[in-house]
Structures are given as C-alpha cells and as structure tokens.
Amino acid sequence: SQKIEQNSEALNIQEGKTATLTCNYTNYSPAYLQWYRQDPGRGPVFLLLIRENEKEKRKERLKVTFDTTLKQSLFHITASQPADSATYLCALDVSGNTPLVFGKGTRLSVIA
Amino acid sequence: NAGVTQTPKFQVLKTGQSMTLQCAQDMNHNSMYWYRQDPGMGLRLIYYSASEGTTDKGEVPNGYNVSRLNKREFSLRLESAAPSQTSVYFCASSEVGGNGNTIYFGEGSWLTVV
Numbered sequence: 036s037q038k039i040e041q042n043s044e045a046l047n048i049q050e051g052k053t054a055t056l057t058c059n060y061t062n063y064s065p066a067y068l069q070w071y072r073q074d075p076g077r078g079p080v081f082l083l084l085i086r087e088n089e090k091e092k093r094k095e096r097l098k099v100t101f102d103t104t105l106k107q108s109l110f111h112i113t114a115s116q117p118a119d120s121a122t123y124l125c126a127l128d129v130s131g132n133t134p135l136v137f138g139k140g141t142r143l144s145v146i147a
Numbered sequence: 638n639a640g641v642t643q644t645p646k647f648q649v650l651k652t653g654q655s656m657t658l659q660c661a662q663d664m665n666h667n668s669m670y671w672y673r674q675d676p677g678m679g680l681r682l683i684y685y686s687a688s689e690g691t692t693d694k695g696e697v698p699n700g701y702n703v704s705r706l707n708k709r710e711f712s713l714r715l716e717s718a719a720p721s722q723t724s725v726y727f728c729a730s731s732e733v734g735g736n737g738n739t740i741y742f743g744e745g746s747w748l749t750v751v
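These protein sequence lines are chains A and B, in that order.
Read left to right, the first sequence gives residues 36 to 147 (the working numbering).
Read left to right, the second sequence gives residues 638 to 751 (the working numbering).
The following block holds chain A by itself, in its conformation from the complex (with noise of 0.2 Å):
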C-alpha cells in the first residue's frame, strides 16, 4: 500500500543547531514533493517545492533534498531559532491533477 512517513513525530534542537527532518514514501512516483509549515491553531502554509528532477532545492535558511532512488526528502532549516517551532509537512505530488498526500507531520521545538 502507499504510504508517507515523516521521520518522528517530534524533535527537539538546541537553537542554532540544524534540524534536519524526513520524509519516505512507499509505492508512489511523486513528480514535486513540497514542504509546508504550520503553527498551533492555523492552517498549513508553503514553504518549498521541489521536482523529482531536482537534487535540491534551497530558500534563506531552508534546504530540501529530494532523492527519488531512496524515496526520501530531507528538509533542513540551518541555524534554528526558537520562531522556527512549529509542526512541518511533507506533500506528495503523486499525479497530475490528483490532491496531494501529506505526511502526519513532525512537530520541531527549537529550545533557546
């Protein structure tokens, strides 16, 4: 069966460390893999996009890795910061004009 899974479902870093979070699926050939964030009591907003063409992908302090091979992203936010805690998502693109598949999530809490 297809399935996406985010690495845990929390982490903790220390500020100014680098979180570094996964995502696997199973039995889909995604075209794009996006990244979203959301923040306690509000919807999920975009961060990064990136084609299975693509290695990588980066925006300010956020980085995404797409590798199709091992059917794994990793998105990673350097020199982490208390503002950055929040829950991220993971999307699958599986098809054209098919909804995307998001992962449960993984909540990051950026200790000071």
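Hints in this document: simulated from the structure, not taken from any laboratory.
Keep in mind that a hint or two might mislead.
[Unchecked claim] Taking lysine-lysine and the DSSO-like style, the derived pairs with C-alpha atoms no more than 30 Å apart in a straight line are:
| hint | chain 1 | residue 1 | chain 2 | residue 2 |
| --- | --- | --- | --- | --- |
| 1 | A | Lys38 | A | Lys90 |
| 2 | A | Lys139 | A | Lys94 |
| 3 | B | Lys694 | B | Lys651 |
| 4 | B | Lys646 | B | Lys694 |
| 5 | A | Lys38 | A | Lys98 |
| 6 | A | Lys38 | B | Lys694 |
| 7 | A | Lys106 | A | Lys92 |
| 8 | A | Lys139 | B | Lys651 |
| 9 | A | Lys52 | A | Lys106 |
| 10 | A | Lys139 | B | Lys646 |
| 11 | B | Lys694 | A | Lys139 |
| 12 | B | Lys694 | A | Lys106 |
Predicted model, so just to flag it, every value in this text is computed and none were measured.
Use these hints to put chain B onto chain A, whose structure you have.
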C-alpha cells in the same frame, strides 16, 4: 488579501444534528479541497473539486457531502453528525490540482460533536 475564508471557526453539535461548513476563496483558483486533521492521523482528504461543477471523493468521504456552489465557494455538509466527526476541518484551494501547484489553506474550523 483574504485568501481562503472558512466559517464557522468553532462549532459544537449534538449527535444527529446537521451543519454546513462554508468556504470561499478569492484567488480565482479552479481546485478546492476539504481536509480533516486529527491527532496522530495527519491531514486526510474528505472531498475535492478539481474545477467548478465537479466533485470527487477523497480518502474519508463517508458521512459528508459537498457542493461546489460556484468557482469561489465549496461547502461541506454533515447530514447527521457523529462523535467520530469531531475534528479540525480545513478548506483549501489551488490553481489546479497536482502539477506542482501549491495549496492555500484556510484557518480551520474546530468541530466538536457531543
């Protein structure tokens, strides 16, 4: 600057009551979605509308109906609410479905069925 607006924000229902969650977007998007989010279960798609005049079932459609009233509005109806429908509901929209289009979410509707 409204984006996706959904109402109500909070609602308490008794088992068996009906209600409609309203959603409107002002971005001229073709596709609209209803998700529910439960602890430990993540976001699950209830129904979506790829374009005006079409609706399709998602992963968890049982107990729900939808109406794509026009291009802007997409409502979700619970005909006979059950405690299992206690959840946070998110409406969302995108220019089209898939193809790398990002999804814009509303702020959520907290529904409790007692």
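Which hint numbers does the structure go against, in order from smallest to largest? none
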